[in-house]
Amino acid sequence: MLNVSILDLGVNNLNSVKRAFSEHLLETDVIRFSANAEEVSKDCNLIILPGLGTFESGMNALYERNFIDFIRESNYKKIKILGICLGMQLLFRSSEESPTQVGLGLLEGHVSKLPKQTTERIPNVGWNSVCYRGDLGKFKSLQGSSDFYFVHSYASLEADKNFVLSTTSFGTDVFVSSIKSENLLAFQFHPEKSGKIGRKLIVEIIEWARED
Amino acid sequence: MKIRIIPTILTDGLTVVKGENFINWRTVGTAESVARVYGNRDVDELMFLDTKARKNEERISLELVDRFAAVLNIPFSVGGGIDSVEYARQCLRRGAEKVVLGTSAIQNPLLVYEISKEFGTQAVVVAIDMASNFDGNALVSSGAQDSGISVKEAIRMVTENGSGEILLQSKAKDGTLQGYDLRSISKAAGVTDIPIIASGGCSSPENMHEAISAGAHALGVGALFQFTHHTPSSCRDYLRGLGVPTRQV
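Residue numbers (the working numbering), protein chains in the order written: chain L, 1 to 212; chain D, 1 to 249.
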């Protein structure tokens with residue numbers, strides 16, 4: 001049974017994420033918003049960190065709502081954590097967007113401003129393909145040619161190879177578009193805003209979350 | 001990055017209207033039903049603008065934002081009288097990807113800064129209504145008033161304050177199905193380094209291609225899908241045939 005908690009940071013768009021997941025959960029599963037660590041169920045086995053905002057506003061919200069220790073402990077206990085967009089970025093140690101702000105540090109590395117390009121503008125807004133790296137496992141939706149929706153100005157330009165699930169090109173550069181480790185899963189794009197292929201990915205995420 | 005085609009839906013409260021030259025309004029259905037139809041057609045993004053809001057001293061309905069989020073699984077932006085960080089927050093929380101600021105951005109540029117600081121520049125689109133073209137002034141209050149600020153200066157000002165994209169609207173071309181204002185698009189793309197969404201006058205995929213060649217990064221479309229046989233997919237196919245990268249569904 002899945003017990004999903006979507007962390008409400010006050011700045012993120014929650015409706016879309018909740019709806020997208022609810023459509024594919026079973027009646028026996030539970031999904032709810034949690035506005036602070038105390039509200040999260042003890043049986044929670046999937047934490048969703050959706051993203052909207054800046055690195056600083058995101059980390060401030062996590063701090064104010066007592067989510068920082070909670071997330072770090074959950075990670076230690078290998079509870080599954082899904083990060084979306086800013087939510088992915090917050091998992092890293094730091095970000096160029098807010099140089100004095102420390103991130104959650106669940107992933108080694110730093111988030112950078114997308115490098116200036118002659119052919120691209122920043123923010124990077126729109127549909128783009130992902131290039132999968134290594135073993136996709138369940139995540140077959142990342143294998144095809146369907147595009148996902150991106151809207152960001154910052155990204156991980158390099159991360160531990162073992163965790164990189166896909167990369168995406170930006171002009172002549174490349175950034176990490178998804179990450180997967182034992183219990184962490186994160187996407188720079190928005191699965192909940194990526195139409196049909198996004199829904200397919202959400203089904204795969206739910207299957208991953210159900211695995212022991 | 002791939003070119004986006006963004007149907008722009010004008011609303012008045014909960015109803016969809018079609019504006020010609022921003023003045024004549026034709027009602028075409030409830031906003032929610034229009035959203036649903038577009039959602040099923042694999043559009044790239046949607047934009048909902050309540051152009052009567054400011055005049056009525058209201059703001060785009062949050063109930064409407066809820067309804068859009070309930071039927072759409074693609075990104076959508078909302079605008080119409082948004083004049084505070086808090087109202088922007090409410091729109092974004094309910095599922096809008098971005099907020100569109102019009103009059104507020106010109107009359108209160110600090111608001112652009114505050115909203116982008118809180119939510120990121122990618123959450124902010126500023127609509128610049130051109131009185132005539134790039135050489136003239138920007139309008140406010142849904143095109144009813146001259147702001148006294150040139151289009152060029154307005155674009156620069158909002159870019160500096162943290163806007164993520166510019167929605168460049170041509171009042172002269174709006175609803176006319178006579179093609180985009182290409183020269184203005186080209187000039188606008190030259191004075192800012194953020195993406196430009198062209199809007200006003202699109203009547204065909206050929207017009208879209210012209211706008212892209214002029215420098216547009218995304219195409220706002222109004223009358224085209226409501227009153228002609230073209231569809232978002234047929235337009236993407238046409239553009240792709242000419243080598244323009246478009247969304248792969």
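Derived by calculation from the structure, the hints in this document are not laboratory data. A portion of the hints provided could be inaccurate.
A few chain D residues that face chain L, going by a derived Cβ cut-off under 10 angstroms, partial list only [stated by the list, open to error]:
(1) Lys52
(2) Asn56
(3) Leu92
(4) Ala96
For clarity, every value in this text was computed on a predicted model and none was experimentally measured. Built from N, CA and C at the ideal position, the CB exists for glycine as well.
Taking the hints in turn, this is what the structure says about them:
1. Lys52: Nearest chain L Cβ about 25 angstroms off; hint violated.
2. Asn56: Violated: closest Cβ of chain L sits about 26 angstroms from Asn56/D, beyond 10 angstroms.
3. Leu92: Hint on Leu92/D: holds, closest Cβ of chain L at ~5 angstroms, below 10 angstroms.
4. Ala96: This hint holds: Ala96/D lies near chain L, its Cβ roughly 7 angstroms from the closest one there, short of 10 angstroms.
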